[in-house]
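Trainee: Make a model of the complete structure from these sequences and hints.
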Amino acid sequence: MDKLFFEGHLTAEGIALYADAMLKNKMKIIPAHIREHVEECFQCKEEIFSIYGICSNEKSSDTNLISPEQHRTYKVKNMILQIAASILLLVALSFIIYHISSRRENTESGTLAIDKTGGNHNAKQIAQNNLVTNEIKKSQPTKSTSESSMFEELISSRYRNPEITILRPKLNQKVKVNKPIVFEFSGDLTEPCQIKIFNNRGVKILETDRFTSNSYAISKQLIPGLYYWKLEQETDLLGVSKFIVVE
Amino acid sequence: MLFDKNQKDIKLFMHEPNLLIVHYQGLIDSIINIFIRSGNFKFHERAEIKQQVNEELLIKLPKILIQYQYKSTLKTYIAAIVRNICNEIIRKNIKLNITFLEESVAYETSYNLIDSLIIEDEKHRLKMALHMYHKHESKLMLCLKLRFRMPFNITDFTQLFQKFSPEDFDFFIEKIQPYKEISDLAIFSALTTLFNKYKDKDNTPGALRKWIAVKIAELVKLLNGNPPTYFYTEETFQILFERCFFNESEIISKIH
Chain X
2 MDKLFFEGHL
12 TAEGIALYAD
22 AMLKNKMKII
32 PAHIREHVEE
42 CFQCKEEIFS
52 IYGICSNEKS
62 SDTNLISPEQ
72 HRTYKVKNMI
82 LQIAASILLL
92 VALSFIIYHI
102 SSRRENTESG
112 TLAIDKTGGN
122 HNAKQIAQNN
132 LVTNEIKKSQ
142 PTKSTSESSM
152 FEELISSRYR
162 NPEITILRPK
172 LNQKVKVNKP
182 IVFEFSGDLT
192 EPCQIKIFNN
202 RGVKILETDR
212 FTSNSYAISK
222 QLIPGLYYWK
232 LEQETDLLGV
242 SKFIVVE
Chain H
-6 MLFDKNQKDI
4 KLFMHEPNLL
14 IVHYQGLIDS
24 IINIFIRSGN
34 FKFHERAEIK
44 QQVNEELLIK
54 LPKILIQYQY
64 KSTLKTYIAA
74 IVRNICNEII
84 RKNIKLNITF
94 LEESVAYETS
104 YNLIDSLIIE
114 DEKHRLKMAL
124 HMYHKHESKL
134 MLCLKLRFRM
144 PFNITDFTQL
154 FQKFSPEDFD
164 FFIEKIQPYK
174 EISDLAIFSA
184 LTTLFNKYKD
194 KDNTPGALRK
204 WIAVKIAELV
214 KLLNGNPPTY
224 FYTEETFQIL
234 FERCFFNESE
244 IISKIH
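Those protein sequence lines, which keep their order, are chains X and H. So the first sequence is numbered by this note's numbering: it starts at 2 and just counts up by one. So the second sequence is numbered by this note's numbering: it starts at -6 and just counts up by one.
Hints listed in this document are in silico derivations from the structure and should not be mistaken for laboratory results. Computed from a predicted model, the values in this text were never measured in an experiment. Possibly wrong hints are sitting among the right ones.
What the hints assert, rightly or not - Pairs of lysine-lysine, DSSO-like flavour, derived with a Cα cap of 30 Å:
#1 H:LYS156 with H:LYS128
#2 X:LYS29 with H:LYS173
#3 X:LYS4 with H:LYS53
#4 X:LYS25 with H:LYS64
#5 X:LYS4 with H:LYS156
What the hints assert, rightly or not - Examples of chain H residues lying across from chain X (beta carbon under 8 Å, computed):
#6 SER65
#7 ALA73
#8 MET121
#9 TYR126
#10 LEU215
#11 GLY218
Note that CB positions come from ideal geometry on N, CA and C, so glycine has one too.
Mentor: Written out as structure tokens, the structure is:
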């Protein structure tokens, strides 16, 4: 007979053997005579179950048991952490709010309308026009000045509406990067129109709201490079031109 | 992986047994913590008890080296020995100041994540405790279900009785109506009839009823641990059993 029994009960190793099987959830590996003994012997059952409990909880046991002093320290640390987290959250929120509001301000001040007759900046009209610059996030304008064949073709095909003439920016006019870009046309705009600006890769950079005045100024800073722009009505293309933003 | 770890432990055990004790300090701590939780040792005694356990282990090492047959993992074996040493210390000190852990596990109806994790652990412990009943496990499961008036089905019987007939199942169902109100005696009387028929026995209904009462007491004691670190009663055991084996939505379709 094996030495896993002593005085009618399992030895420490016998107990450990059984507990190991429980830990591995492989009860079938326990020799039949040991299983049969444990089935009937409560004392061994109790010892096995205790060892099983000890070994399965060994990792978590240490962390679970803390002294009252440790508990107090833990509570204080926890409170400090909570306060720090709250402050951090507040700072992050304020930053986001500040960022959003400053962006809004930039957008609003970035587009100016120019009075049809005098060309002076008119604050009231700015508010009325409420121009929108729909920035296309996916694209960044290129610095490249290589031309777009598609737009070049459109430019060469002249205006569809002969009554409208683009006064500025002139074709290939150089515009300073930090100066507003002023768009001016002659002729009567019978329907509201809008301006769309594209980079030389044909990606739309911004578009204005619809307007009926003969001039616009856009002060959004564009990265140096070649830009194409279209003057459009709901169903008609009034003109296409290009300008170059320089440093 | 466990096997490899055990091989390393054994190697250490053979060549530098003292180092092995150093290696197992975490395990020793865990065991002492259990005894602290049960109230057998005081928290401030921890370092002292640990010292005693280490000393005892060092003294017993030569004997352990001879007795170990490599049938279990060394760590579990040492755990069993350390537990015995702790019990010896308690016997010497005659400390029986037992305090129990919270009963929240069993009584809480709305519990948070941590509670639910504890309950999952408890369910697992219960399942493992039931596995220790080996060949009697299915008998025990059926009797517990009936004792606590829990849902059951024909599989509970087919696992227990070979060639169990659906007619006998229907007969049993009829006999135990109304299930929720009927006495234990009536239920175990109907069950004894089946036992006597299928297991070729001549038991009285009282014997089976007594058997399950003893087993419930055993299971409660097992779950409470030795030294006791939990406080299960038959009532809280029933709650755990219900949570372990049944969903709240489960319907006793066969019964009503």
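Trainee: Now tell me, hint by hint, if it's right for this structure.
Mentor: Status of each hint after checking the structure:
1. H:LYS156 with H:LYS128: 17 Å, holds
2. X:LYS29 with H:LYS173: Cα-Cα ~37 Å, so violated.
3. X:LYS4 with H:LYS53: 18 Å, holds
4. X:LYS25 with H:LYS64: Cα-Cα ~14 Å, so holds.
5. X:LYS4 with H:LYS156: Distance ~40 Å between LYS4 (chain X) and LYS156 (chain H) Cα, so the pair is violated.
6. SER65: Holds: closest Cβ of chain X sits about 4 Å from SER65 (chain H), inside 8 Å.
7. ALA73: With a closest approach of 4 Å, the ALA73 (chain H) hint holds.
8. MET121: 5 Å, holds
9. TYR126: 6 Å, holds
10. LEU215: 5 Å, holds
11. GLY218: Holds, about 6 Å.
Of the numbered hints given earlier, the model fails hints 2 and 5; all others are met.
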